[in-house]
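Those protein sequence lines, which keep their order, are chains H and R.
If you use this note's numbering, the first sequence corresponds to residues 1 to 175, in order.
If you use this note's numbering, the second sequence corresponds to residues 1 to 175, in order.
Check each hint, because a few of them may be wrong.
Said to hold, decoys possible - FRET-style restraints, in silico, Cβ to Cβ: (1) H:Ile161 to R:Arg42: 38 to 44 Å; (2) H:Lys65 to R:Pro162: 22 to 28 Å; (3) R:Arg171 to H:Val169: 19 to 25 Å; (4) H:Pro129 to R:Arg97: 37 to 43 Å; (5) H:Gly90 to R:Leu170: 24 to 30 Å.
To be verified - Below 30 Å or equal to it, Euclidean Cα-Cα: the simulated BS3-like pairs (lysine-lysine) are: (6) H:Lys157 to R:Lys68; (7) R:Lys110 to H:Lys167; (8) H:Lys9 to R:Lys68; (9) R:Lys43 to H:Lys167; (10) R:Lys62 to H:Lys167; (11) H:Lys110 to R:Lys157; (12) R:Lys68 to H:Lys110; (13) H:Lys157 to R:Lys110; (14) H:Lys43 to R:Lys110; (15) H:Lys68 to H:Lys9; (16) H:Lys110 to R:Lys167; (17) R:Lys9 to H:Lys167; (18) R:Lys167 to H:Lys62; (19) R:Lys110 to H:Lys100; (20) R:Lys58 to H:Lys167; (21) R:Lys9 to H:Lys43; (22) H:Lys68 to R:Lys167; (23) R:Lys100 to H:Lys167; (24) H:Lys110 to R:Lys110; (25) H:Lys9 to R:Lys167; (26) R:Lys167 to H:Lys65; (27) H:Lys9 to R:Lys100; (28) H:Lys58 to R:Lys167.
The hints are simulated quantities; they were obtained by calculation from the structure and are not laboratory data.
Being a predicted model, the structure only gives us computed values, none of them experimental.
Every residue gets a Cβ at the ideal spot worked out from N, C-alpha and C, and that includes glycine.
Protein chains: 2
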Amino acid sequence: MGHRIQRDKRVTTHVALVARAYGADEIIITGDRDDGLIERVRKVVETWGGSFSVRFEKNWRKVIKRFKEGENGVVIHLTMYGINLPDIIGEIRDLWRGGKDLMIIVGGEKVPGEVYGLADYNVAITNQPHSEIAALATFLDWLQEGREFRLEFPNAKLRVIPNPRGKTVLRIRRD
Amino acid sequence: MGHRIQRDKRVTTHVALVARAYGADEIIITGDRDDGLIERVRKVVETWGGSFSVRFEKNWRKVIKRFKEGENGVVIHLTMYGINLPDIIGEIRDLWRGGKDLMIIVGGEKVPGEVYGLADYNVAITNQPHSEIAALATFLDWLQEGREFRLEFPNAKLRVIPNPRGKTVLRIRRD
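Input sequences plus hints: build the corresponding full structure.
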């Protein structure tokens, strides 16, 4: 989440594509709207399938509060200062499997202190400094216990056929 | 690996920090030297501990060939076009546990075609487009089966104490 600090477009694009590839339904980017970024992500969805959506919201605080008012939402903030993933993922997975919706907040150093209090869980993907992109990937991978590798992305125009030595891409014609 | 294409410094920094936090020994960045990048990574090592090293090499082809000449090296290229991780990680893990050194190549769209042939394994972290940063994290996590969460980083000046609600950082004095 951006918070009066310049968002790095490339990093935000990586976050969005990881969210999609690892099984999230939607990304909400807070702060100033960037139509180029939205366009890039939508193009990936159009080409590679699935129903991942992307939107901007000016105010990160409202986004979190509205989600919490739904009373079915659990807010998870990924931060190197939180509880280490292996110590808490079981509890979060149970909530999720029990039908709770999860909102996962990433933003690295740009996250304001208030988020630590608004989050139901502050979760560390190792207590070392690294990358919100990697943190999101590892969280979603552990949450789903690797099931994201079996995700299907319907209505794709292109599909990769795994190849040990090069690139094989299937172009799917729709009539 | 950069290859006559502008490297994104922020993305390369994320790759380096993920490599360190998830247990790699060293990162070799190919292409043009960037002292600022080296400095940033070394500062993280100095502050947060461990012995992770970073260096530049102009020529990516030489780096790979020299590594392969050692005859104890296995070259793994992470690409969305490769064999999906769950189908190949067991074989790679066995090689690694058997004493082989692994070189992991990431670089996204910038990787020249020749790398697909030089690599012993082209591995896909899902066959969807996303991020070399996430790909590296997930590969190292699956390789070590989560053991990277128990890594120790000796000689740290700062250490995080996991905190469910805020930031707790231990400053370690050395006499």
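Starting from the hint list further up, note which numbers the structure goes against and sort them upward. 3, 4, 6, 8, 9, 12, 19, 27
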